[in-house]
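Please arrange chain B on chain A, whose structure you already have, making use of the hints.
This is what each chain is made of:
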Amino acid sequence: MIVALGTNAQDRVFTYTYQSNVLNKGQKELEVWTTLGTVRQEYYRGFEHSLEFEIGLGGKLQTAFYLNYGYSQGITKSNGTDILTANSSYSFLNEWKLKLSDPVADGLGSAFYLEYKLAPEAADLEGKLILDKQTGRFIHALNLVGELGFEKKFTPEGNRILAETEKELNLELNYGFSFRINENWFAGVELMNENVLAEGELQKSLLKVGPGISYSGQGFWVNLTFMPQLTDLKTGSRSIVSDDGLQTRLIFSYAF
Amino acid sequence: MRSKFHTGIVVSLAFLLFGCSPALYLPTSADAGHAGTSVDSLLIGREMYVKSCGSCHSLRQPERYSRSIWLQAMPKMQVKAKISVSDAKLITSFVLARCKPE
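As you go down the protein sequences, you meet chains A and B in turn.
When we follow our numbering, the leftmost residue of the first sequence carries the number 1, and every step to the right adds one.
When we follow our numbering, the leftmost residue of the second sequence carries the number 1, and every step to the right adds one.
Next comes chain A alone, as it looks inside the complex:
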């Protein structure tokens, strides 16, 4: 009991939904993220890994640096022919989080979050408003997210390659609810609504809901969430051609 009271790390209990807490000045965490994407058409399977270094700067501000690596494999069709396609991606990400109020001491916890991501073919800018609340054994968290992405598309034309930049706006809403079972274990549900807008039109509105568990121990925590896609609210059916039907995310964090 004492160990749990005194030395638990940042107490993050969700994997997709952010909470308002920040690290204290000089406190550091190393987080390893793994996201498995499955249940798409054509035998698709993809992994996204992130290695995150997080540090508290004081003044309720923290920053983090991510090294991201992803790879996937699946069958695609080209002129009626099946092709086994493998893709990989690399990116760098830097986030900043400023805590505005505390979820226990104040009526509502809140924080602003800003991140930018750079990849060879893309750049993203993302902002979040984080709200959360703790009452007794329950934790609620709500994120309102806006992401602006720019991606370069290369197409061959004669003996030249032409580049075109595509712009995409992603509006997302995440909600997490978790229940403290005991000093170490939390169990809950996360909900995500992801809306993608391009060329002024809503392209898709994915609704995902899934269970999650969290364990925190002496200086570390582990969170796991299963996030099945329920439907695309725009079409009324699941979008599993270019989107995952099921995502499973594991985050392991070590504080030092």
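Honestly, the hints are just simulated from the structure, not real lab data.
Some hints here could point you the wrong way.
[Said to hold, decoys possible] If the Cβ cut is set under 7 Å, some of the chain B residues that face chain A in the computed set are: (1) Pro22; (2) Ala23; (3) Leu24; (4) Val50; (5) Gly54; (6) His57; (7) Ser58; (8) Leu59.
[Stated by the list, open to error] As a list, the in silico DSS-like pairs of lysine-lysine whose alpha-carbon atoms are at most 25 Å apart: (9) Lys76(B) with Lys25(A); (10) Lys76(B) with Lys60(A); (11) Lys234(A) with Lys167(A); (12) Lys80(B) with Lys60(A); (13) Lys76(B) with Lys51(B).
In this text, a Cβ means the ideal position worked out from N, Cα and C, and glycines have one as well.
Just chain B, lined up with the frame of chain A:
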């Protein structure tokens, strides 16, 4: 489907926004009497608790742990968070005033 989803979002927002009283208690004269100190002293203890402890980890509600648990944890956390002896006393008074019965 979409309207059901939006209803769910509104319910969630309402849950968050209407339950806006702090989970961490605000000291009363009864708490001060129980702790053998003043309300002002407990209020300062609360402020120190939020500032010194809440910047590192989620704040624990005093009611969650017994007196013996708090008294075991405080010296260790005082060293870890570099809390002065006088501030630690104020924080201890604050958490013990509403601690869980043994």
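Output the indices of the hints that this structure fails to meet, ascending. none
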